[in-house]
Structure formats: C-alpha cells, structure tokens
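> The primary structure of each chain is shown beneath.
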Amino acid sequence: MTLRHVEEQCFKVLMVCATFLILGSLFAVIGVILVKGAGALSLSMITQTSKGGYYLGKEGGVLNAIVGSLYLALGATAASLLLSLPIAFCLQREYMKKRTANMVRLLLDVLWGVPSIIYGVFGFTVMLFLGLRASLLGGIAALTLLELPIMIRAIDEVLQMVPRELKETSYTLGATRYETMFKVVTRQILPGIVSAVILAFGRGIGDAASILFTAGYTDHIPYSLLDPVASLPLAVFFQMGTPFPEVQERAYASALILLIIVLLLTVSSRLFSRRFSKFVIR
Amino acid sequence: MCHITIKGLNVSYGNQHVLKNVSLEIPHNKITVIIGPSGCGKTTLLKSLNRLLELQDGVKISGSVYMDGESVYDPKVDVTELRKKMGLLSQRPYPLPMSVYDNVAYGPRIHGQRKKQILNEIVEKNLKAAGLWEEVKDRLKTPAASLSIGQQQRLCLARCLAVSPEVILCDEPTSALDPFSAQKIEETLSQLKTEYSIVVVTHNLRRARRLADYVGFIFLGELIEHGEKKDIFENPKDERTRRYISGESYL
Ligand SMILES: Nc1ncnc2c1ncn2[C@@H]1O[C@H](COP(=O)(O)OP(=O)(O)OP(=O)(O)O)[C@@H](O)[C@H]1O
Ligand SMILES: [Mg+2]
Numbered sequence: 001m002t003l004r005h006v007e008e009q010c011f012k013v014l015m016v017c018a019t020f021l022i023l024g025s026l027f028a029v030i031g032v033i034l035v036k037g038a039g040a041l042s043l044s045m046i047t048q049t050s051k052g053g054y055y056l057g058k059e060g061g062v063l064n065a066i067v068g069s070l071y072l073a074l075g076a077t078a079a080s081l082l083l084s085l086p087i088a089f090c091l092q093r094e095y096m097k098k099r100t101a102n103m104v105r106l107l108l109d110v111l112w113g114v115p116s117i118i119y120g121v122f123g124f125t126v127m128l129f130l131g132l133r134a135s136l137l138g139g140i141a142a143l144t145l146l147e148l149p150i151m152i153r154a155i156d157e158v159l160q161m162v163p164r165e166l167k168e169t170s171y172t173l174g175a176t177r178y179e180t181m182f183k184v185v186t187r188q189i190l191p192g193i194v195s196a197v198i199l200a201f202g203r204g205i206g207d208a209a210s211i212l213f214t215a216g217y218t219d220h221i222p223y224s225l226l227d228p229v230a231s232l233p234l235a236v237f238f239q240m241g242t243p244f245p246e247v248q249e250r251a252y253a254s255a256l257i258l259l260i261i262v263l264l265l266t267v268s269s270r271l272f273s274r275r276f277s278k279f280v281i282r
Numbered sequence: 001m002c003h004i005t006i007k008g009l010n011v012s013y014g015n016q017h018v019l020k021n022v023s024l025e026i027p028h029n030k031i032t033v034i035i036g037p038s039g040c041g042k043t044t045l046l047k048s049l050n051r052l053l054e055l056q057d058g059v060k061i062s063g064s065v066y067m068d069g070e071s072v073y074d075p076k077v078d079v080t081e082l083r084k085k086m087g088l089l090s091q092r093p094y095p096l097p098m099s100v101y102d103n104v105a106y107g108p109r110i111h112g113q114r115k116k117q118i119l120n121e122i123v124e125k126n127l128k129a130a131g132l133w134e135e136v137k138d139r140l141k142t143p144a145a146s147l148s149i150g151q152q153q154r155l156c157l158a159r160c161l162a163v164s165p166e167v168i169l170c171d172e173p174t175s176a177l178d179p180f181s182a183q184k185i186e187e188t189l190s191q192l193k194t195e196y197s198i199v200v201v202t203h204n205l206r207r208a209r210r211l212a213d214y215v216g217f218i219f220l221g222e223l224i225e226h227g228e229k230k231d232i233f234e235n236p237k238d239e240r241t242r243r244y245i246s247g248e249s250y251l
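So the sequences go chain by chain: F and S.
Residues in the first sequence are numbered from 1 upward in steps of one, following my numbering.
Residues in the second sequence are numbered from 1 upward in steps of one, following my numbering.
These are calculated hints, taken from the structure and not from any lab test.
A quick note: this is a predicted structure, and the numbers were derived from the prediction, not measured.
Treat each hint with caution, since some may be false.
What the hints assert, rightly or not - Quick look at which bits of chain F chain S covers, simulated, 3 or more residues with Cβ under 8 Å:
{"no.": "1", "stretch": "162-172"}
{"no.": "2", "stretch": "175-188"}
As the list claims (entries may be wrong) - Okay, the calculated bits of chain S under chain F, using three or more residues with CB under 8 Å as the criterion:
{"no.": "3", "stretch": "106-120"}
{"no.": "4", "stretch": "137-148"}
Unchecked claim - To list a few chain S residues with every Cβ distance to chain F over 12 Å, as calculated:
{"no.": "5", "residue": "Ser-12"}
{"no.": "6", "residue": "Gln-16"}
{"no.": "7", "residue": "Ser-23"}
{"no.": "8", "residue": "Ser-38"}
{"no.": "9", "residue": "Tyr-66"}
{"no.": "10", "residue": "Glu-81"}
{"no.": "11", "residue": "Lys-193"}
{"no.": "12", "residue": "Lys-229"}
{"no.": "13", "residue": "Lys-237"}
No residue lacks a Cβ here, since even glycine has one placed at the ideal position from N, Cα and C.
Given the sequences, and given the hints that come with them, work out the whole structure.
Below, the structure written as structure tokens:
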C-alpha cells in the first residue's frame, strides 16, 4: 500500500467516525427524552391547559405552552422573513457598495453570536420604558431580534451564490432590478429561503432566555397580543426545576412535544422546498 | 443610416485594456459576423452594446455607441427599454429558474402582456421559430433546467425573440448544437434578418462565410478590419486577417 492509499483510508475512517459520533449523540438525546417523557405523554397533555399554577401542578397538560410557543415562533419567523428579504437584497452589489455590505455582514454576524438572554434583557428594558407588561407582542419582538441576523445572513449567503449571468439574462430581456430580484432571483434561492426559515424557526421556538422576561408565563392561552403567553422551553425549565418526580417527567414530555413540532416542520418544509429545487439553475 | 454605430469604444477590466478604440457600424437588416480568436474581446463588445457590462465592478467604458442616432450611454436613456430593443444570446445558455413556458413568457409579461391567450400564441410562435416547439410542446410546464444544453440554447433564442427586439446579438449561438440543429438555427437567423439587424459572434469560419453579409475581425481587442463578406474573405487587406481566415497560425 502506498502512502496515498494510507492517507485515503485514514481520511475515510475519520469521516465515518465523526458521522457516527454526531448521529450517536443525536439519537442519544432523542432516546433519553423518549424514554423519560413517553410515560407522561398522554392525550390530556396536549389537549388541556396546565392546572396548579405555572406548570408546577401534576394535573392538566401543556396546551397553553404548545399554542404559546407556536404563536411566538410563527409570529417571530413571519416577521423576520418579511424584514429579512428586503435587507438581504439590499446587501447585494446591485444596491450597496461591497465595503459597506461587508461591514453590515460583520455586524450581523456579531448579532448572531449575541446570547439570547441579552435580547431578553434588552426587550424587557424597552418594554419597561414603554410601560408594557410581559406579553405575546413582547415575546415576538424579542424573538424577532434573535432570528433576524440568522435569517438575513442565511438568505444573504444563498443570494451571493446566484450566478451573475442569471441576473444578466433577466436584465437582457429589459427587466428592472426589482423584477429581476423578485421574479428570478427569489425563485432561484427559494430552497435556500426555506432552509433559512427552518434555521430561524428552530432557534426561535427552542429559545427560553429571550422570552423569559418578555413573554412571561401563564396557565392560559393568550387571547390578544398583549396577554402574557406560556411557552414550551419555559415549561421544560419550570417543570424540571420542581422537586417532584411526576412533574419532572412532564418536563421530558414537554421536551418531546417540542422536538416533534420542530421535526414535523422541518420535514414538511423540506418536502415543500424539493418541489422548487427542480427549477434551480446550476 | 446604420442601425448601431460604435465610435472609439474602449473597455477595460481593472488595468486590463480589453477593447481598444473599436469603431464599427452595424447595418439594418443584415447579419454582421464578428470573428476573432478566443479571449480577444468579442463577448465584451456585445455586452457593451446593451450596457450589460456596466453592471460589473471595475469596468471602465469610454467612447460612444449610437442606436438609430441616439447615444446608448446617455444618462437619460431608459436602460430597460434599450435592453429590450437589443436581444442578447449569451455564450452559455442560462434559462431562468422557471418552467419552459414561463421562460418564454417572462419577457412579454414584464413588459405588460397579461392576456393568457396572447401569451400562449407568443410562446408557441417563438418556440417554433427557435426550432424547439416539437420537442417541448408536451412539457411546457417542466423546469427549463431539465432541458439539454442544446435545447436550452434554443429556448434562450425563443425567449429573446419573445420580447420582439430590433437587434439580436448572438454570442456563439450554436456552440452546443449538433451540425443539423446548428444548421436550423442558422437558417432561422437568415430568415430573421428581414425583421431584425443581427450580430453573430462565431469561431466557425465556414458558418461565418455562409451567414455573413458583413464581417468584422477582432484581434487582441482591436478591430483589425471590417467590411463586406466578399472583401474580407477573398481579399483581406491586413496580414493578420489573412492568416486567421486561412487557418494559419495568426501570431
Ligand atoms: N468579468 C471579467 N473580468 C475581468 N476580465 C475579463 C472579464 N470578462 C472578460 N475578461 C477578459 O477580457 C478579455 C476578453 O474577454 P471576452 O470574453 O470578451 O473574450 P471573447 O472574445 O468573447 O473570447 P471567447 O471567444 O473565448 O468567448 C479576456 O482576456 C478576458 O480574460
Ligand atoms: Mg466570448
């Protein structure tokens, strides 16, 4: 065997090991949650709101937290998407000088790395100043801040991959920049947008720190944007913190529900994006 | 008067001076063929006519281009109207990320055509003109990306014709086609010259001979010689032209 073959073999072993390590820990996480949570997972868990104050009771379910988390994450993801698209487009060379754009990218990368508790504290300070209580609105705003840099940078990255010739083709036919961006480029990057949305949604729905002060917690399903709202990550946090094993078990069940929501969303968006990736020009 | 007049055009990418003082006239309803070795600036010349070049960073353009006597580089010119009038077929076909049908309908749609009926007619007519209709008429809804490169090239021709330009600039329009399909495109172009002024860039000298009314020879960014096909091919004035068209080493 020559050195080159040894090299090849070593690299292969390395790749396989790394893959198994990652997959292994992933399945371990899912396994532990399944084993510990499946017992407490019942129909009442997902059809009833919690009884006994801030999830600490052993009765009822976490419907309020499920609905709350969906409201929060969907609201924040929708708001982020609406804001991200124009901002990401604006960063492209058609609209902004390269140096300015790179500065903005750097700032966004810093924001991406900011711990979520800081967004929570910031949101809380602003809400105090405005005289708002912890509410769905506050939670959505804080989560939007958290998701924005992720979404913008993810969309920006795929935008930069769009071949120049593709845009030129559109211009050649007499299209304006706006038409080129929204009718051609957007279609080209649609699978990338879906990935960006999944990434941001996953980060949003799983985050506890940013909504701790801004969204609050409650036993009820919110009826307006100004009501406080429960959430699954905080449900896990509070239930886990009790000394009662039955309630702790419910924490695992809540985590399992969170996992299933993220899984369903990811799989369905992948299916959705597969329909469009056939149109992508390579 | 000539359809397009180029006067003293200079283009550089950064420090690289690519087109040097090019002056050329492109007559109405004739085919002007541009020949020259690879890398000498043919694509650059075509892209400078419909102002596509200025979208790139670090490109410096000077000199003037007139279309029907009006300056193309005048800041007051509506670039989208200008580009609509000058169809460009790029060297590598780039379909848009949509269906075959939408690719052809894209141009007419952005220029305000909404009627389904009329769009259908435009799509059929232009796909037929590009010789692609028979192959795709049953799969107009499939992604254009799934067509073969040669089919994509013809799709791009159909898409270009669909906005009814006045000038068609073709950059190697048949590079990915078999001789028979290339022949068909050639015939299409010859027919089209009754309605359009056409500029064709090609490396194929035999095709240039068949297609051309006028010929321009570019060498290292300079337009060495241009004129009637007969004069250039049978009686070139410049030694470099003679060597290039006779297939001798031109260096
Ligand atoms: N975007 C660009 N940036 C920098 N230099 C470029 C760019 N495009 C072309 N050039 C340079 O300009 C010169 C002319 O290029 P051009 O594409 O016009 O050649 P061409 O005659 O079309 O060649 P071919 O027959 O191979 O297509 C080449 O030397 C090339 O390296
Ligand atoms: Mg070229």
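> Give a verdict on every hint.
Against the structure, the hints come out as follows:
no., hint, in the structure
1, 162-172, "holds (count 10)"
2, 175-188, "holds (count 7)"
3, 106-120, "holds (count 4)"
4, 137-148, "holds (count 4)"
5, Ser-12, "18 Å, holds"
6, Gln-16, "18 Å, holds"
7, Ser-23, "24 Å, holds"
8, Ser-38, "18 Å, holds"
9, Tyr-66, "19 Å, holds"
10, Glu-81, "7 Å, violated"
11, Lys-193, "20 Å, holds"
12, Lys-229, "28 Å, holds"
13, Lys-237, "35 Å, holds"
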